[in-house]
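Chains A and B, in that order, give the protein sequences. The numbering used here puts the first residue of the first sequence at 1, with every later residue one more than the last. The numbering used here puts the first residue of the second sequence at 1001, with every later residue one more than the last.
Keep in mind that the hints were calculated from the coordinates and are not lab data. Treat the hints with care, since some could be wrong.
Said to hold, decoys possible - Covered by chain B, according to a simulated footprint, are these stretches of chain A (three or more residues, beta-carbon under 8 angstroms):
#: 1; region: 40-47
#: 2; region: 73-82
#: 3; region: 163-176
#: 4; region: 229-236
Unchecked claim - Facing chain A, according to a computed beta carbon distance under 10 angstroms, are these residues of chain B, among others:
#: 5; residue: 1133
#: 6; residue: 1233
#: 7; residue: 1248
#: 8; residue: 1255
#: 9; residue: 1277
Backbone N, C-alpha and C define an ideal beta-carbon position, used for all residues, glycine too.
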Amino acid sequence: MTVSTDTSALAGVSAPATRLRSLGWVARRAAGGVFVLWAVATVIFFALRLIPGDPVDAILGGPGSQASAEAVDQIRAEYGLDRPLIVQYFLAMSKLVVADFGTSYALKVAVAPYVLTQLWSTLILTIASLVVAWLGALALIISTSGRGRISRALGSGLELLAAAVPHFWLASLLIILLSNTLNWLPPISVPGPLGLVLPVLTLALPLTGFLGQVMRESLANAYEQPFVLSARARGESEWGVRLRHVLRHAALPGISLSGWAFGSLLSGAVVVETIFARPGLGRTLLNAVTIRDIPVVTAVALLSALAFIVVTIATDVIDRIVDPRVTEVATR
Amino acid sequence: MTEILAGRLSRPAGGAPGIRGNRRVFSSVAVVIALAVLALILTAALAPQLITTADPDAVAPAEAFQSPSLAHFFGTDESGRDVYTRVVFGAGNSLVIGVAATAVGLGLALFLGLLGGLGSRLGDFVSTRIVEVMFALPGLLLALVFIAIAGPGVVTSTVAVGLSTAPGYARIIRSQLRSVRNASYVEAATVLGHSRARIVWQHILPGALTPIFVLGTLGVGQAIVWASSLGFLGLGVAPPAAEWGAMLSSGRTYIDVAWWLTVFPGLAIVATAAAFTVLGRALNARTRQEASG
């Protein structure tokens, strides 16, 4: 964020103070984010050492390996696993600070580029799902709010069911219906946009129901605000009221929840990527935890924590833009 | 999700009578359906013999992969076991896991929430940071790492689900305690010279903890979904046992030939989760009504 003098002069006396406060707010949030990343790295480091079994086994390709004692010792020295735990910890942290994630135990490739390609695949999936879910929820809300009792009940009923559907079941149903019966789409995630349809639908539908539930409530409250009455009194049409005035309020809790939703999409990605055999962070994580590939698990955990922090801060910023009242409350 | 639905607990109730009235019509029908579903599931969990006469683990290879019929309502699986019977017997497993996981999550959250809501500034700082860190890790990652440490199984997956739901609960409990702590009746008790312990015990806790019951009801359905996801990934209940997630996991292999292996256990999960959500929301609306007079 850059502070330019001429705009602050135009904006009036209180502008610099407000901007300072905003800068301070951003700085505090960033510092908090760094702390969380450090804590996540620490928790993951020690938690993974608690997993029973010898990490050397993971490096040598599973507990069944017939490696000699000398080979085991050599590997242990090579990966620094023979040093005291606390030394290993500080070594690992000092490497993480410069974004050195090491080498995967199982795949024997550098972790950072490998995980980044997986991240890309998962990001496409989650962002597409988030967009689809938002569009779906808005469409559902706009079309069924304020209408008759039956359409409202239908809307909330749909949202309720959608929100209660487990990802893995929805995925199976979609495969049965759209792949096996109708033969429209491939049952596994092939490269290209066609392969993205089923995974995105699977992740987006429950989220649609969930966002719809949350926004429906605040929409009902927004309809009772005085500004709606005054808009109506000015002769605003029903759709004008809905789109120009009420929707903005209804969207607020949805926006603040998108950070949380993004986190839950990452969890959902584990299931969806497994079912549709799609490369990505989730499947990588599941495999890495199973074979105890410590560097990969650490990298995935840190990346998802970082993504979560960035999205949370971003949603807070959007929240402040959509609803200026937030700033006043927060800085008071 | 629970966290957010229940996050509205602390907000003041309000609304035009028209909209509220209409909504009540919908929700009263929904609540009746939800209660019926829960009664059925509870019966299945406590006395499965009342609803089915077959043995959930009885293998009959000659009758494998039969589609739904009058003899087998939900068809049979790859070993000829009756899917309907297995779904009925699975209710107990899923319900126990769901309730226990919610209890674990709420218990942990209560500890963190109390530390943050009523403790010193340091306590609040520490608990807020812990919750933040737990939030930043995707729930399934927490669960996976925990399962990797403790080994897969029913108890582990229950605790894992509890662990991954705890941060959401903790945040709500903390804010609930904070808002009650500043309520005028607490101030009045302070002015009256009551001891701090008495104020906390008699005034703050009852006011803040009523929503926990609601929170728990909302959470059970979600916990069942979570636990079944772990079962689906092969990290929950060991295969021969009838558990909905595990049944779905083994049914996935035969998805091309036997859709009923996938559809019916999943329907059971959705019905249970939705029923708990409806009930939780109804309880929530009711507590808010009582709170507002």
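For this session: Closer than 8 angstroms, Cβ to Cβ, for at least three residues: run that test on the region 163-176 of chain A against chain B and report holds or violated.
Result: Held - the region 163-176 of chain A has 11 residues with a Cβ nearer than 8 angstroms to chain B, which meets the minimum of three.
For this session: Return the status of the interface hint for residue 1133 of chain B: holds when the least beta-carbon distance to chain A is below 10 angstroms, violated otherwise.
Result: 4 angstroms, holds
Exercise. Can we keep the residue 1233 of chain B interface hint, with Cβ of chain A closer than 10 angstroms?
Worked result: Since the shortest Cβ distance to chain A is 7 angstroms, the answer is holds.
Problem set entry | Given coverage of the region 40-47 of chain A by chain B, tested with a Cβ cutoff of 8 angstroms and a minimum of 3 residues | This one holds; 4 residues, not fewer than the three required, reach chain B with a Cβ under 8 angstroms.
Exercise. Is the shortest C-beta separation between residue 1277 of chain B and chain A less than 10 angstroms?
Worked result: 6 angstroms, holds
Problem set entry | Supplied contact hint for residue 1248 of chain B, tested at 10 angstroms Cβ to chain A | 6 angstroms, holds
Problem set entry | Coverage claim, chain B over the region 229-236 of chain A, checked by counting residues with Cβ within 8 angstroms (three needed) | violated (count 0)
Exercise. At a threshold of 10 angstroms, is the proposed contact between residue 1255 of chain B and chain A supported by beta-carbon distances?
Worked result: 6 angstroms, holds
Problem set entry | Coverage of the region 73-82 of chain A by chain B (three or more Cβ within 8 angstroms) | Since three or more residues must qualify, the claim that chain B covers the region 73-82 of chain A is violated, with 0 doing so at under 8 angstroms.
When the structure is compared with the earlier hints, violations turn up for hints 2, 4 and for no others.
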